[in-house]
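These protein sequence lines are chains W and E, in that order.
According to my numbering, the residues represented by the first sequence are 1 to 444, in order.
According to my numbering, the residues represented by the second sequence are 1 to 444, in order.
Possibly wrong hints are sitting among the right ones.
One side only, chain E facing chain W, incomplete, derived with CB under 7 Å [what the hints assert, rightly or not]:
no., residue
1, Leu-185
2, Pro-188
3, Lys-189
4, Asn-250
5, Leu-283
If you're looking for bench data, these hints aren't it; they were derived computationally from the structure.
All of these numbers come straight from a predicted model, not from anything done at the bench.
All C-beta atoms, glycine included, are put in the ideal place defined by N, C-alpha and C.
Protein chains: 2
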Amino acid sequence: MKEKIIEYLANEDFKELKSFLSDANEADIAECLDELDKNDQAVVFRLLKKDEATDIFARMDPDTQENLIETLSDKEIASIISKMYIDDAVDLIDELPANLVTRVLDNSSVTKRQAINEMLKYPEDSAGSIMTTEYAQLDEDDTVEDAFDKIRRKGVNKETIYTIYVTDSGDRHLVGVTSAKDLLLADPKTKIKDIMEENVISVTTNEDKEEVAKMFDKYDFLAMPVVDSENRLVGIVTIDDAMDVMSEENEEDFEKMAAMAPSEEDYMKESVFSQYKNRIVWLLVLMLSSIVTGKIITGYENAFEALPILVSFIPMIMDTGGNCGSQASTMVIRALATDEVEPKDILKVWWKEIRIAMLVGGTLAIVNGVRIFIQYHDLPLSIVIGITLLFTAMLAKSLGCILPILAKALKLDPAYMASPMITTMVDACSLVIFFNVALMLMNI
Amino acid sequence: MKEKIIEYLANEDFKELKSFLSDANEADIAECLDELDKNDQAVVFRLLKKDEATDIFARMDPDTQENLIETLSDKEIASIISKMYIDDAVDLIDELPANLVTRVLDNSSVTKRQAINEMLKYPEDSAGSIMTTEYAQLDEDDTVEDAFDKIRRKGVNKETIYTIYVTDSGDRHLVGVTSAKDLLLADPKTKIKDIMEENVISVTTNEDKEEVAKMFDKYDFLAMPVVDSENRLVGIVTIDDAMDVMSEENEEDFEKMAAMAPSEEDYMKESVFSQYKNRIVWLLVLMLSSIVTGKIITGYENAFEALPILVSFIPMIMDTGGNCGSQASTMVIRALATDEVEPKDILKVWWKEIRIAMLVGGTLAIVNGVRIFIQYHDLPLSIVIGITLLFTAMLAKSLGCILPILAKALKLDPAYMASPMITTMVDACSLVIFFNVALMLMNI
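Bound conformation, chain W alone (with noise of 0.2 Å):
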């Protein structure tokens, strides 16, 4: 598609170009409008249905959108917004630089600005900072017939009528949740408090947004209502921004469990230099712990100086922690994510980790003590070395599964607690045990 575009902006057959997009679907376009270079971005994005063109414009990266805004006119800018989501606005004002962003404000409508600076105050992972304001609201007092009318009037410019909130006469209290699907299948004259579910789930503006997107998880909903502190109705959360707000945490949990400061870029658009901050912190304070490990081997010398094949076991054992200690905290951390393991599981965890342990850490001993008693002819050596990597898995998953839950408990991010943490503290712990051992059983 990309291909076809930059073909019609070559033979500059702009009426072919303008049809061809008419035909196309928004998303597929703001995708290749992404990847368009600057100049043919404005003349593109001008050739757009004036109907489509607002909602291809928010769904387009903010690169994007700060350099349309940059070349379109002011007239261009304001029907732009006009038409715009508040939540799509107030994302847009977020990533701008600030001269675009009071471009930006001078070019909506008073009501329009007033909103997106309401919007702009809610905290920044909360409920209210991704909710919109525009969803379809009836009194309970209406009747069918009233909804219908009403949504005509207004259900054009409303994100979502497919969930249609109801309010008390007053205070426009949430009283009440219905959907399109009722009103089409009730009879014209009943009143809407007849026919409505009245227990409504809902969220209060201060909500955090990631419990927002589980609870769309576990309830199945197309939005979430958002009501302030006195259950007044003030926006609603649809289901696509529950589904960025969870992709976005995904994201993070992954670039965390590996060492590094998450970031919102993408991987391709992330300049080198900032990757290369996210990543070097993390690696400087893991290093420290080595100090600590290299002194403890230091303090066996005597141990490999006597028997230097000794060493060439150092790696296995490291590795082998490393990765007992990673599997189990990857396996509670996510339980932690989603809910299913809580702080005061603490002891069932590690309880059900070490009993992991022992099955996989026996199983390495034999394998490996068979292995190197083949290698080597050397039954102490096979002996050591089997008993270091069953304690090693041992230690390796209890530091693993008990971690990630203490963190949590400590409303630190369990995330962190996860293979490289880990690793490197039981490297130390492993080694510990490694030559203690030997010394025992090798009368070294």
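Based on the hints, put chain E in the right spot on chain W.
For chain E alone, kept in the frame of chain W given last:
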């Protein structure tokens, strides 16, 4: 809520419990039922409103469903199945043991049984396997009025009527799509073909379900039409099922990246032994590689016999290499999963990682060089460590970005080319670098 239910059960005031349940949310009830013990589950389930019971049943854990199927009467089972959506029924069948499967099928209508068997034919990861065959569908020649009648008649037992699919009068070919919203806003006399959106995005029954989930994310759909090879509409995938696929895939990636065989079970529910099985295989595989690393070290015995201090740096070099590598691999694996990076980008990505590696490695080299010089007043040693760290970082980040991309190119799962695999590979190489640099610069 669970506590409340248990209390009601204890005092045997079932009338109270019944009304309590009728006010509660279905998802919440299902969650509580999962946590009650076998007998209570049946008692509570029988107190549910008939019209809610099926929906709640569909939301329960497989074990709870199985347990209820065992205890409920044929008549009760029949009434559940009759109200159940096809895709939920198929999920149920998938989880049940053979004897209960027959029990369920015997108690479902002929048409239902045929529909279920149809669905069971689709390959496990295909769109067909997660679609439902209940959807709102219109003929292009219907008027908006006809549409409302149809929906009023059939609407109730359709899984979603928010997106309505339009087929041609002949062979049910998918020709367009419209929405309850558009119908509400249109003039009753207009023909559907005049208001419908004609370029419909659809998937075939054999499409990979993960790809389908990604399309929901891109197009912000509430449902995706599924067609057969002749573009005949055969079903729809709803957004809640798409979300389930997404989170499944994410959990699997987390597990694969921690060197575990992915599992469908929840952490707490999965038995110790099956967790053991999921973890031990990769540990054994990865252990093989450390045999190599061991051999390498023995090859440099003379080096660390002459200079035992070298041994104490092995952990630091191994860990740093591992951490650098897993940072790169995590970023690239995720970028591959979201289609942001493709195999053809391999050189672009590698060049990016090399530059990051030079910054990261450089910093680590300087920080450690200085530290070691202060600690041991041994300039050659700090230079050796510095150079080793720089090259290790570059090597680790190269492997970390190249291996996942190669895996993808070879149609293997990149997620396995994560931290554990990279670490074990980097270990061997980084030690070779270390000892050779040492031998060169430290006249041993």
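The hints, checked one at a time:
{"no.": "1", "hint": "Leu-185", "in the structure": "6 Å, holds"}
{"no.": "2", "hint": "Pro-188", "in the structure": "11 Å, violated"}
{"no.": "3", "hint": "Lys-189", "in the structure": "15 Å, violated"}
{"no.": "4", "hint": "Asn-250", "in the structure": "5 Å, holds"}
{"no.": "5", "hint": "Leu-283", "in the structure": "6 Å, holds"}
Checked against the numbered hints listed earlier, the structure breaks hints 2 and 3; every other hint is satisfied.
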